[in-house]
Structures are given as structure tokens and as C-alpha cells.
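*Asks:* Now for the letters of each chain:
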Amino acid sequence: MALPVVEISAAIIEMSTPLLIAALGEIFVERSGVLNLGIEGMMLVGAFSGFAGAYFSGNFLFGFLIGLVVGMSIGALMAYLSVKLGVDQILAGLAIWIFSIGLSTFLARTILGIAPGTVTIKGLEPINIPLLSQLPILGPILFQHNILVYLVLISVPLFHILLFRTTFGLKVRAVGENPKAADTLGIHVHRIRFLCLLLGGAMAGLAGSYLTVARYHVWIEEVTAGMGWIALVVVFFGKRSPYRALLGAWIIATGFSLRYYLQIAAFWIPYQFILMLPYILTIILLVGIVGKEETPAAFCIPYKREET
Amino acid sequence: MKGFSSKMPSRSILLPPMAILLALAIGALTILALGINPIFAYAALFQGAFGSLHSLTETFVKASPLLFTGLAAAVAFRCRVWNIGAEGQLYMGAVVTTWAGLTLVEVPAALLIPLLILLSFAAGAMWAVIAGALKAKFKVNEIILTLMLNFIAIYFVSYLVEGPWRDPSGITYSPPLTTSAWLPTLVSGTRLHLGILLAFVCAVFISLLFRKTVLGYKIQAIGANPEASRYAGIEVSKTIIIVMVISGGLAGLAGMGEIAGVQHRLMSGFSPWYGFLGILVAMLGKLRPFGIVVASILFGGLLVGGDAMQRVGGVPAPLVFVLQGLIVLLLLFYEHVFARFARS
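Sequences listed follow chains G and F, in order.
Take 1 as the starting number for the first sequence in the working numbering and just add one per residue.
Take 1 as the starting number for the second sequence in the working numbering and just add one per residue.
Simulated from the structure, these hints should not be mistaken for laboratory data.
None of the values given here were measured: they were computed from a predicted structure.
Backbone N, C-alpha and C define an ideal beta-carbon position, used for all residues, glycine too.
Where hints are given, some of them may not hold.
Unchecked claim - Here are the simulated EDC-like pairs of lysine to aspartate or glutamate, each with C-alpha atoms no more than 20 Å apart in a straight line:
1. Lys-139/F / Glu-222/G
2. Lys-137/F / Asp-183/G
3. Lys-139/F / Asp-183/G
4. Lys-304/G / Glu-222/G
5. Lys-239/G / Glu-177/G
6. Lys-238/F / Asp-167/F
7. Lys-238/F / Glu-227/F
8. Lys-239/G / Glu-222/G
9. Lys-238/F / Asp-307/F
As the list claims (entries may be wrong) - Restraint-style ranges between C-beta atoms, simulated for each label pair:
10. Glu-235/F / Lys-304/G: 23 to 33 Å
11. Thr-120/G / Thr-179/F: 39 to 49 Å
12. Tyr-80/G / Pro-17/F: 20 to 30 Å
13. Gln-47/F / Pro-126/G: 49 to 59 Å
14. Pro-272/F / His-188/G: 46 to 56 Å
15. Lys-139/F / Ala-225/G: 28 to 38 Å
16. Asn-59/G / Leu-34/F: 48 to 58 Å
17. Val-236/F / His-188/G: 29 to 39 Å
18. Tyr-80/G / Leu-34/F: 51 to 61 Å
19. Ile-13/F / Asn-59/G: 31 to 41 Å
20. Ser-188/F / Lys-304/G: 31 to 41 Å
21. Pro-17/F / Thr-120/G: 53 to 63 Å
22. Arg-191/F / Ser-133/G: 27 to 37 Å
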């Protein structure tokens, strides 16, 4: 059986979108020296609040905005604990995750009632880009998606420029590599890390609301289903740079979208092995067999001025 | 990793109860906001978790994997090895348990169950040692490594139950294990299985390990200061690997308990994140075996009592996850305040 390549390619672009949104934020978080293990929770709470926002206002843009703001507030909580107080990032992140699973499900059952999946919203219509969407092959793959898909693809170079070509990006990287030196130069280490976590939380919240508002049009409990963790893999695999993260997100989305086709076609590679591939490649990358992995020197280390 | 966790757990034993009380108070206000009497709701939660023989056994059924994974986290964290891969190690323990339960059908229970214990410990340990060895040899960040290995194990189980071990009924789980691989129940008519006893035994062992053995001393010395330990002649790399063996093995036992004791077959997503919850349990128990026993029973009780609170009190059960997360967040906050107070 021949695989429907065009449909699969279009699905890859769509499926990589929420991964990429969350990953772009997390790149800044990690570059500043923080690991956000609460990302899955931030996505989940963003997914619910985005859905609720779109449901009660009837406007999907308002939904995205709510998802973004709520995700950002959870990011602020993470920043307060891990940056301001300097507590263990792993524990803070995991606690925020469990807290968020509870919070999103609790709020949903309280607000929407016990039976999830019955309340739906009018979702996003795909926007066909004039002319371009008529192109053979490329048209259906690239130019017949919802608005966020385009925005994210445009954001990848913008985030790259922000990280590598602006003063802010330089400060972020300095804070992640050598916070003490950055501090000596008058860069506010805590402020930069705080900002990065706000950005990371906002992007995670937006990514979550993408799932409920743009993709499923319905609230499902634990809808993110590990998507936040996968966004972390995208970041690790992408060596914390936007273009490589795009590549990582596409590889993982390939596994997702092939899943259904391979099951139907009974293809000889189980889709799970394709899904494992980025994880295995990331480990190989970490060990240094393929290229050099550049973890920020101050990764996971809280910065405390009085100790220096 | 220098300065990673700013402090080893502080001395005060009062902080966890304080965090629990404040979390419960915040929960009570939330319940009140729903227009429900919080005393009534909490009574239902307590009754549902500890009020009858049946509910008590269910609490211990949930506490069992949490105790294993909590101990797993404690052994590693005491050495400042950040094994957050208990989830994957648990899955690998479940895989070998299922393998033995599906293939060794002729073996009598008296032989098979000890074998399951050994095999699942070995499988969890092996999965953890991959990360331990790479950390020891290449100085790779074990946080990322163990996190990655979790998901490889989860996909591997998904592959097994949808592929070679798929039940003929067509649903994506394995056929049931041979009954001689089922852990005996401790109280007839309940699901309370041998696993909880094994977990208690492990808690005693780990306690002895920390307090009475040279290895335990080395582990804590490395945790306190890896550089000084190296100068003092402790083989840091070797100890890290041993720590990963013990930590991963304990998590593997959790997987064995769930498959051989509760589910009796392998399926995707059989663990509601016991591996990660164990890290929170270990934290709440201040990385001490006795504290972890108490914390695992508390978390297990919350999971079981939450359903009763929903049924009887009308409060959505997921509130217990909010409480679990809040307890640890508040504890982190208190520890910071306490450390600061102690300094000044």
C-alpha cells in the first residue's frame, strides 16, 4: 500500500505546531539556565483555560489569550520558587505538574460539569492562503492550515533572531552560561530568568490552548497526554536552538502522523519505534557521539548572589 | 553538580506537617467556595481512605508503588544523583514480570514469585544503570537521560501490548499472566497483595543501608560533597552506579507489584505516574525511609479517599492532585523560609 504522502506531510506540519510553540518558549527558559519540568502542567492548565475562554466568550482569539495569560501565571509561580527563592527546580517543576493536573481537571468538572467531552466549541477554520494554497503538493502541505500554524512557522526565525541577534538574547545566554559574570556586568540574573519563565509559561499555555481550541474543539481530561514532555525532547534534541527544534518537532510529528497509516498498512516498522527515535538520538547526542551537546554551564543551578 | 539543590533537606521535622495542614486549609476554602461543607467533605475523604478494612487495604494498594518509587528517589537523591527515571524503570520491571508470567507457565508460584522479584529488580536496575554509566563515564546530565529513558520504556510497553503481546481479544493489552505469577493477597476479598510487605521490607533495608553500612556512608558523603569524597578515596563513579542499581531496582519492583499484584496483565498507561509521584513522596518524607512510609500512605490515602469525597461529598476527586502538588510546593516554600531563618 502506498502511503498518502501529501496528507501525511500536511499532518506533520499541523501536529508539530503545539510542540513547537511550547518548545520555542522552553528554549529561552533553558538558555537562561532553568529546566522547566512544570511545562506539561502549564500546557494542561492553558488547554483548559483556553477552552473555557473560547467557550464562554465565543471567540477563539480570546481563548488563546486566556490560555497564554494563565500559562504565564503558572510560569510566574515556577519563577518565584525556582528563581526568586532558588528551590530545587526538579521538585518545583514536578509539584507544579501534579498541581496542574489536579487544577485543570478540578476546574473543568466544577465549571463544565462531570461529563467531559460533551461541551464543544466552534473551532478554528483553516485559512487557505490565496494562490499558494492552489500549488500542487506544496499547497495542501503548507498553505491550508489554521492561523496559528502559520504564525508559529514565522516565529521560528524570529525567535532565532531574538536569541542570537539581540541584546536580550545575549543576556539570556550569558545568564545561562555564567550568571556570576553576567551579574558583574550589571545584568539582572533573576530578572532575565524570571522573564524567560514568563515567556516559557505563556508559550506552554498557548500550546495547550491550541490543542483544545484549534485541534479538538472539546475539553478532554489530561488532553496534553505527555505533549509537554515531548516539547522538552524537542528542545534537547534541538540543542536549544529554534531551527533544530523545528526539525525535532517534525521528526516527532512524523511518528505521530504515521501512527494511523502504519497501523492500517501493517507496515514492518511499529510506529512506537519512530516515536522513540528522537529520544534515542537525543541520548546519543548527549553522550557526544554525534556532534557536541552544549548544555548551558549553569543549567539547573539556582543563582544566589550571597554565595558568590 | 555543585549547588544544584541548595541544601540537603533541613533538620526540621515539623515542616511537612505544616505544609500538609496549610494545603488542607486551602483545599477547605476551595470546597467552601463550591458551597459544600469542608468538614463533611474531608470526613468523607478520611472515611474513604482509612475508615474501613476495605478502604484501608485500597490505600495500601496505592501506597505500595509509591513507597517503592519514593525509596528509589531517596537513595538517588541522597547521593545527589537526580534519577527522575523511576517511571521508566517501573515500566521495565513490569515488562519482565509480564514476560515471565506469560512464558514460565509451568513454574510453581513458590519459585516463580521470587524469580519475578529478582527479574524486575534487575530490569529496573539495568534501565537505570544505562543512565548511571553514561553519567559516570561521560558526565552526561542524568536528569535529561533518565527523563528520556522514561518515554522510551513507555513506548516500548505500548509496542509490546499492541504488537507481539497483544491479547487475542483485540484490545491493546496483554493476555493475563499465569495465575502462579499473581502475588498472593494478604487479606482475602481485597486487592492488598504481597507487594506492600516487600515495600516495607525494602524501607527497613534502605534505612539500615543509610545508617549502618559503609556504602550508605559513602552515598551520603558524595551527596554532601562529591569533590571532598573523591579526595577522601571514595570511588565516586562506582558508587553512583551502585546507587542507580538500587534506585532503579526499587522502581522495577514497583512495576512488578502493579502487574503481578493488581493488573495481572500488561497494558499501556497502567501507572498513573507513580514514578514521578514517588519523587514528591520522597521529598515529603525528607528522603528518610520512615518519613517516606508515612508520606506514601498519605498520598495513597488521598488517591483513594478522593473518590469517596466525590461520591459522598460531591467534591470533584481531582482536588486531591491539587492538594498533593500544593503540599510539596508549600514544603519547598517553608524549607526556603526555614533555611533563611536558620541562617540569620
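*Asks:* Each hint: holds or not?
*Replies:* Hint check:
Distance restraint check for Lys-139/F and Glu-222/G: the Cα-Cα separation of roughly 35 Å exceeds the 20 Å cut-off, and the hinted pair is therefore not satisfied. Under the criterion of a C-alpha separation no larger than 20 Å, the hint pairing Lys-137/F with Asp-183/G is inconsistent with the structure, at around 33 Å. Using a Cα cut-off of 20 Å, the hinted pair Lys-139/F and Asp-183/G is violated, with the two alpha carbons roughly 27 Å apart. Pair hint Lys-304/G plus Glu-222/G does not hold up; C-alpha atoms about 36 Å apart against a cutoff of 20 Å.
Distance hint between Lys-239/G and Glu-177/G is fulfilled; the C-alpha atoms sit about 14 Å from each other, no more than 20 Å. The suggested pairing of Lys-238/F with Asp-167/F is violated, with an alpha-carbon distance near 42 Å, which exceeds 20 Å. For the hint pairing Lys-238/F with Glu-227/F, the CA-to-CA distance comes to about 14 Å; that is within 20 Å, so the pair holds. With a C-alpha separation of about 28 Å, the suggested pairing of Lys-239/G with Glu-222/G is violated against the 20 Å cut-off.
With a CA separation close to 45 Å, the supplied pair Lys-238/F and Asp-307/F exceeds the 20 Å bound. Taken as a hint, the range 23 to 33 Å holds for the pair Glu-235/F and Lys-304/G, whose Cβ atoms sit roughly 31 Å apart. Between Thr-120/G and Thr-179/F, the C-beta spacing of about 45 Å keeps the proposed range 39 to 49 Å intact. Restraint check, Tyr-80/G to Pro-17/F: a C-beta distance of roughly 23 Å satisfies the suggested window 20 to 30 Å.
A beta carbon spacing of about 52 Å between Gln-47/F and Pro-126/G agrees with the range 49 to 59 Å that was offered as a hint. Between Pro-272/F and His-188/G the beta carbon distance is about 41 Å. The supplied range of 46 to 56 Å is therefore violated. Between Lys-139/F and Ala-225/G the Cβ separation comes to about 33 Å, which falls inside the hinted range of 28 to 38 Å. Range check, Asn-59/G to Leu-34/F: Cβ separation about 28 Å, and the 48 to 58 Å hint is violated.
In this structure the supplied range 29 to 39 Å holds for Val-236/F paired with His-188/G, their Cβ-Cβ distance being about 36 Å. At roughly 27 Å, the beta carbons of Tyr-80/G and Leu-34/F sit outside the given window of 51 to 61 Å. A C-beta distance of roughly 52 Å is found between Ile-13/F and Asn-59/G, which places it outside the suggested range of 31 to 41 Å. The hinted window of 31 to 41 Å between Ser-188/F and Lys-304/G is violated, with their beta carbons roughly 56 Å apart.
In this structure, Pro-17/F and Thr-120/G break the distance hint of 53 to 63 Å, their C-beta atoms being roughly 45 Å apart. Taking 27 to 37 Å as the suggested C-beta distance range, the pair Arg-191/F and Ser-133/G does not conform, at roughly 57 Å.
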